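A.B. asks: Now for the letters of each chain:
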Amino acid sequence: MSEYSFGNPEIIEEEVDILIIGGGMAACGAAFEAKRWIDKAMEQGINLKVKLVDKAAMSRSGAVAQGLSAINTYMGENDPADYVRYVRDDLMGITREDLVYDVGRHVDDSVHNFEKWGLPIWKQPGDEGKTLAEGGKGVRSGKWQIMINGESYKWVVAEAAKNAIGTENIAEHVFIVRLETDRNDPKRIAGAAGFSVRDNTLHVYKFKCCLLAAGGAVNVFRPRSVGEGIGRAWYPVWNAGSTYSMAAECGAELTLMENRFVPARFKDGYGPVGAWFLLFKARALNAFGENYQKKNYGSLKDHGYDAYATGLKMGTCLRNHLMMQELKDGRGPLFIDTPTAMSNLAQNMTPQEIRHLEAEAWEDFLDMTIAQCGVWAGENIEPDKQMSEIMPTEPYLLGSHAGCAGIWVSGPQDIPGTPDHYHWGYNRMTTVKGLFTAGDGVGASGHKFSSGSHAEGRIAAKAMVKFAIDNKDWNPEMARSVDEITAEIYAPVKTFLKHKHYTTTINVNPHYITPKMFQFRLQKIMDEYVAGISTLYQTNKTMLEVAERKLEMLREDSLKMRAKDLHELLRAWENYHRLIAAFAHMKHIQFREESRYPGYYYRTDYMKIDDEHWKCFTNSTFNRHTGEWKLWKVPYVQLIRKSDDEPEAIARPPSRVT
Amino acid sequence: MPTYVRTDKCDGCKDEDKVYCMYICPHDLMLLDKDGSKTGHAMKALNQEPEQCWECYACVKACPKQAIECRHYADVVPLGASVQPLRKTDSIIWSIKFRNGNTKRFQFPVRTTPEGSADPYGGEPEANMDELADHGTLFTKSTHDCDLDQFIES
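As they're listed, the protein sequences go chains R and H.
Letter by letter, the first sequence follows residues 1 to 658 of our numbering.
Letter by letter, the second sequence follows residues 1 to 154 of our numbering.
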């Protein structure tokens, strides 16, 4: 190994049939499903090799690394069609109903497996000994959520995935940063490349097909805490937009990248509010003790937002909108009234039951947002005695939680009424042949959450096995040489080694920019011009023009990023991925001339929800050689009929969509 | 609360098969300072980028010496509190100390099966290759009941 060094990595080339990029819930689901089909194919004499590559350690990687206190998608007694209605309503009417339905019909099986593997799931009194699969009733904290003891949720799910494909088929601490198209077909994927964050090795994989499931995008916007607390993002700080960026840069079509999620959470710690609102029935109040949701409800009419609300049942963004009114008018801070909620619940409880309730309230955080307990303990807040502040966070780009940014994929072909433009072959394949995605990667189908991402990984994996078998005789050849790829990936290292002696201060050098400063520059642009927190989530055409100029220069400067060690090389590529994801977000907001998601962002020059012109998907492609983005409208097609309590506007057919 | 490593407890996992914190951190923050050149403490780990810490506690829970703790984000949280877990294979015990000295202790289950035992395919059917192209089912054949009357085109 001595001949290899920092700046001169050993190149390790490997050819597999199926590559899984990422180690989160979707990737674990893919490993679990794929191996069962691969084993069966082997019996028929078809030998398929699968490999999973994770930039971290699978037991604690991805969005569920810390754990969760609930599984947010479990059908149980509900019909998947009702799940589609809920997702459609929450995402303001525009959703790939085929994809959502597909997750809905398969998700419970993933949850049943989690329980079998060892995940503790809360049960109703009397059902404690029964699993969900045996008919045990879970504890609902909403129509779709069930409560769990989820500290080791990811650990358990990863363990099953590892046991399925074997650790010899898993590479941990290897960060894939580039997808490579085929030499003979630019619309086909042939390989992927990345590097180890542990030793000086660069890994090049060739394959028939791959699953790109590397999470959403966090820290593309300036967060509310900018000192040590910059790491305290709501979604995991290691979700660097790699999925969107790598897909876009190899030519895959993105969809609804203007969508974002701005969760209203416990201030500073970003503790979850779901259990408090839904399970403990807490209320949100303004500085003067008023229920601002009720008070501001009438304001929904101002721009036609009320068409997407039925009473207090409304999309999450509209609830945020009601909160924004208070913040704009200076009636904050906003509080979540935890003492009243707990004393109401305690009224008919024994002291032991009250202690149990208190433990549940703390566990809600300790299972998934320990930092919130840190804030409470540091500020001497006991939730049964003192209210906590809630606050909308900085924006996040994701496709699995309550957002729907992502990649445009082919859907299932057996769903009644799906139009031709919804499917072109393999389920969850992108518009690049052989490139599949799941979880945060799939656009226009939010609210999958942890369980739905696992199920979607399974759906994709099954289709990938078929793809690999159908293409068994095809040999991948990458468009670029390994030398070219290596030079590109290790460029930040070369830049550093070449220029480091030019100045006496390692971080100030005219020849390079540190990944950290690169990220700050990105966050400043996004925050100030692309509807971040500093403009209260507002932007307009001119602001976006300024943003585009600045982002383009940042893209030019990405070639001058430095990496002084492997850790910084990881950060350099993460931040490059963030830039491309952010660019897509900005271009999509620029294109969609309406405010589809009020409460998440506002186009102040187009404040209305304009169903007549914009009840459609917005898709885009990026040409990384020319830097050109192309955007266009794609018709939305309603598949599931509306229910009686759904507002009329949602069922209105699209018109004049081009 | 970025995690920090206590010099009096960390032994650099010298007798372990891996450096646990370094292995498990999802964000590549933990680093073993073998020769002490970074910290002045040879063979001890450090959090090399505290401002990128998500406070997920993966390192705290994984450390075999309980050498890792958290000091809450200094730009956000008043000093003096602590939230410390002890994770066992079946449960986790949390000790919470408030700034004012009050304490709380909780214990929660983390899993119902022995560590390492998750059997992916136990009791599950084998895949049926005839169903490989069928979008309506996965290998487990446990698709949820579907009311097709809910479709517009039904």
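Treat the hints with caution; some may be incorrect.
[Stated by the list, open to error] Taking lysine-lysine pairs in the BS3-like style, the calculated list, with each CA pair at most 27 Å apart, reads:
(1) H:Lys88 - R:Lys130
(2) R:Lys385 - H:Lys141
(3) R:Lys137 - H:Lys141
(4) R:Lys564 - H:Lys38
(5) R:Lys516 - H:Lys38
(6) H:Lys97 - H:Lys141
(7) R:Lys143 - H:Lys141
(8) R:Lys49 - H:Lys65
(9) H:Lys18 - R:Lys564
(10) R:Lys385 - H:Lys104
(11) H:Lys38 - R:Lys494
(12) H:Lys34 - R:Lys500
(13) H:Lys104 - R:Lys281
What the hints contain is simulated information worked out from the structure, not anything from laboratory work.
Note that the coordinates shown come from a computational prediction; the quantities given were computed from them, not determined experimentally.
A.B. asks: Quick one, are lysine 385 of chain R and lysine 104 of chain H close enough, alpha carbons at most 27 Å?
C.D. replies: Between lysine 385 of chain R and lysine 104 of chain H the Cα gap is close to 14 Å, so the pair holds against 27 Å.
A.B. asks: Lysine 49 of chain R and lysine 65 of chain H: Cα distance at most 27 Å?
C.D. replies: violated (39 Å)
A.B. asks: Is the Cα-Cα distance between lysine 104 of chain H and lysine 281 of chain R 27 Å or less?
C.D. replies: holds (24 Å)
A.B. asks: Does the alpha-carbon distance linking lysine 88 of chain H and lysine 130 of chain R stay inside the 27 Å limit?
C.D. replies: Distance ~24 Å between lysine 88 of chain H and lysine 130 of chain R Cα, so the pair holds.
A.B. asks: Between the alpha carbons of lysine 34 of chain H and lysine 500 of chain R, is the straight-line distance 27 Å or under?
C.D. replies: holds (24 Å)
A.B. asks: Given the hinted pair lysine 18 of chain H and lysine 564 of chain R, is their Cα-Cα distance within 27 Å?
C.D. replies: Given pair lysine 18 of chain H, lysine 564 of chain R holds - Cα atoms ~25 Å apart, limit 27 Å.
A.B. asks: Within a Cα-Cα threshold of 27 Å, do lysine 385 of chain R and lysine 141 of chain H meet the stated pairing?
C.D. replies: violated (49 Å)
A.B. asks: Is the straight-line distance between the alpha-carbon of lysine 516 of chain R and that of lysine 38 of chain H 27 Å or less?
C.D. replies: holds (20 Å)
A.B. asks: Is it true that the CA of lysine 38 of chain H sits at most 27 Å from the CA of lysine 494 of chain R?
C.D. replies: Status holds; Cα separation ~23 Å.
A.B. asks: So if I understand the rule, the pair passes when the alpha-carbon distance is 27 Å or less; does lysine 143 of chain R with lysine 141 of chain H pass?
C.D. replies: holds (25 Å)
A.B. asks: Next pair to validate is lysine 97 of chain H with lysine 141 of chain H; report whether the Cα-Cα distance is within 27 Å.
C.D. replies: violated (49 Å)
A.B. asks: Decide if the proposed pair is consistent with the structure: lysine 564 of chain R and lysine 38 of chain H, CA atoms, cutoff 27 Å inclusive.
C.D. replies: Given that 27 Å is the threshold and the Cα spacing comes to 14 Å, the pair holds.
The structure does not agree with the numbered hints 2, 6 and 8 stated previously, though it agrees with the rest.
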